[in-house]
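*Asks:* Here are the chains, one letter per residue:
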Amino acid sequence: AQKVTQAQTEISVVEKEDVTLDCVYETRDTTYYLFWYKQPPSGELVFLIRRNSFDEQNEISGRYSWNFQKSTSSFNFTITASQVVDSAVYFCALYGSSGSARQLTFGSGTQLTVLP
Amino acid sequence: DTEVTQTPKHLVMGMTNKKSLKCEQHMGHRAMYWYKQKAKKPPELMFVYSYEKLSINESVPSRFSPECPNSSLLNLHLHALQPEDSALYLCASSQASGLAGQGIYNEQFFGPGTRLTVL
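Here the protein sequences line up with chains A and L, keeping their order. Heads up: the first sequence begins at 1 in this note's numbering, then just goes up one per residue. Heads up: the second sequence begins at 1001 in this note's numbering, then just goes up one per residue.
Among the hints, erroneous ones may be present.
So the derived list for chain A, only partly shown, Cβ under 8 Å to chain L, looks like this [to be verified]:
{"#": "1", "residue": "Y33"}
{"#": "2", "residue": "S42"}
{"#": "3", "residue": "G43"}
{"#": "4", "residue": "E44"}
{"#": "5", "residue": "L45"}
{"#": "6", "residue": "F47"}
{"#": "7", "residue": "F54"}
{"#": "8", "residue": "I60"}
{"#": "9", "residue": "F106"}
{"#": "10", "residue": "G107"}
{"#": "11", "residue": "S108"}
{"#": "12", "residue": "G109"}
Computed far set for chain A versus chain L, every beta-carbon distance over 10 Å [stated by the list, open to error]:
{"#": "13", "residue": "T80"}
{"#": "14", "residue": "V85"}
{"#": "15", "residue": "A93"}
Pairs of lysine to aspartate or glutamate, EDC-like flavour, derived with a Cα cap of 16 Å [stated by the list, open to error]:
{"#": "16", "chain 1": "L", "residue 1": "K1040", "chain 2": "L", "residue 2": "D1085"}
{"#": "17", "chain 1": "L", "residue 1": "K1038", "chain 2": "A", "residue 2": "E59"}
{"#": "18", "chain 1": "L", "residue 1": "K1040", "chain 2": "A", "residue 2": "E10"}
{"#": "19", "chain 1": "L", "residue 1": "K1038", "chain 2": "L", "residue 2": "E1003"}
{"#": "20", "chain 1": "L", "residue 1": "K1041", "chain 2": "L", "residue 2": "E1107"}
{"#": "21", "chain 1": "A", "residue 1": "K3", "chain 2": "A", "residue 2": "D29"}
{"#": "22", "chain 1": "A", "residue 1": "K3", "chain 2": "L", "residue 2": "E1067"}
{"#": "23", "chain 1": "L", "residue 1": "K1019", "chain 2": "L", "residue 2": "D1085"}
{"#": "24", "chain 1": "L", "residue 1": "K1022", "chain 2": "L", "residue 2": "E1067"}
{"#": "25", "chain 1": "A", "residue 1": "K38", "chain 2": "A", "residue 2": "D86"}
{"#": "26", "chain 1": "A", "residue 1": "K38", "chain 2": "L", "residue 2": "E1107"}
{"#": "27", "chain 1": "L", "residue 1": "K1041", "chain 2": "A", "residue 2": "E10"}
{"#": "28", "chain 1": "A", "residue 1": "K70", "chain 2": "A", "residue 2": "D86"}
{"#": "29", "chain 1": "L", "residue 1": "K1009", "chain 2": "A", "residue 2": "E44"}
{"#": "30", "chain 1": "L", "residue 1": "K1018", "chain 2": "L", "residue 2": "D1085"}
{"#": "31", "chain 1": "L", "residue 1": "K1040", "chain 2": "A", "residue 2": "E44"}
{"#": "32", "chain 1": "A", "residue 1": "K70", "chain 2": "A", "residue 2": "D29"}
{"#": "33", "chain 1": "A", "residue 1": "K70", "chain 2": "A", "residue 2": "D22"}
{"#": "34", "chain 1": "A", "residue 1": "K38", "chain 2": "A", "residue 2": "E10"}
{"#": "35", "chain 1": "L", "residue 1": "K1040", "chain 2": "L", "residue 2": "E1084"}
{"#": "36", "chain 1": "L", "residue 1": "K1018", "chain 2": "L", "residue 2": "E1067"}
{"#": "37", "chain 1": "L", "residue 1": "K1041", "chain 2": "A", "residue 2": "E44"}
{"#": "38", "chain 1": "L", "residue 1": "K1019", "chain 2": "L", "residue 2": "E1067"}
For the record, the hints were derived by calculation from the structure and aren't laboratory data. Each residue gets a CB set at the ideal place from its N, CA and C atoms; glycine is no exception.
Next up, chain L with everything else stripped away, as it sits in the complex (with noise of 0.2 Å):
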């Protein structure tokens, strides 16, 4: 199975609501990833687990927050968001090498994303 899934597809959401983005994989890959891209742009990384730890950080806002319950899935818990983050977004995964196997230079194999949109 070389899949990674991505729940929901689409999400609207209120500036006041909660909510949480989900993905899953099944490669037995142990670096996970988040990333943000917005309409004609390229992606960008936001956030790096390696071995269910929060390895890289890339400033995000702290409306954002990662949670990596289990080697499988990677969670984005979505909080008092800005209609400027209203984006595409991208979870991966790779095999975990390198320096403290963030595994960014392996292969990445993304999923479809979730279309977000804050009003």
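Extracted from the complex, chain A is given alone in its bound form (with noise of 0.2 Å):
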């Protein structure tokens, strides 16, 4: 079985203040994907990013960073200079590819509020 932990349930900050949102996760496949979606108040979620499990590189996208660590099991997210338009639920996701246990599995969520 997989699973997603998200073990931030809520989290505030401070305009302009730098935030890490983090997620673990369990496979015992060897090929998988990872995703971060936001879902804001409107309720859609939108996707952030995905990786698949042999490119660690981390990636930036404007205040946006994400470092994933095989050896932790971790992908977690960084966000810079935080505004308030980031307030919203990100869910960290995986996805298993082998052919037994095709799940696409969420974590609980983290709610962000930046606060003015």
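Take the two lone chains and join them into the complex the hints point to.
*Replies:* Structure, rendered in structure tokens:
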């Protein structure tokens, strides 16, 4: 069975602070994909990034960056210089691609509130 | 057009009613999904359609009946629901690829959801 743990239920920061959202996963698959999605109050999930298990390069996209470390089974997400519009629930997700365990598993989510 | 639309936005129904949720996309995606999301919980995958054929049913009760009439439309027919079925129902689409064209590991585009209340 696979599992995604987002231990931070809620985080509150003041605008312009940096914030890191943690994601730890468990899977027996050797090939898998990790995702981050954002869900603003409007409700629709917005795709942020996908990483496959063979690509451990960190990625930066504007104020967003991701740190993938297979050694610790973590895929953490950092927002630099946070803004009020970053307030949302952020989900980390795992897709395991082995034949018998093709599941998409979401973590429980982290509610980020950025205060002005 | 990178939009997934869902209708209605809100739906209130009794346990004996029959209703349908609709989802539409015009991105040429051949994989479409239904998710259920309870308040303060993550989305749970219900169904996956790949090339208009049902490819994954995550043990969903038969009171939920999906339908994919063409490559742009996805419906979810509801009948004899229970109050615990009240939730946000999200539709998504993606490129179809990988095993059986399910495309689950591709970027998924989500609609705004239908908030369903069962009385």
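*Asks:* If you check each hint against the structure, which ones fail?
*Replies:* 7, 8, 15, 17, 19, 20, 22 and 28
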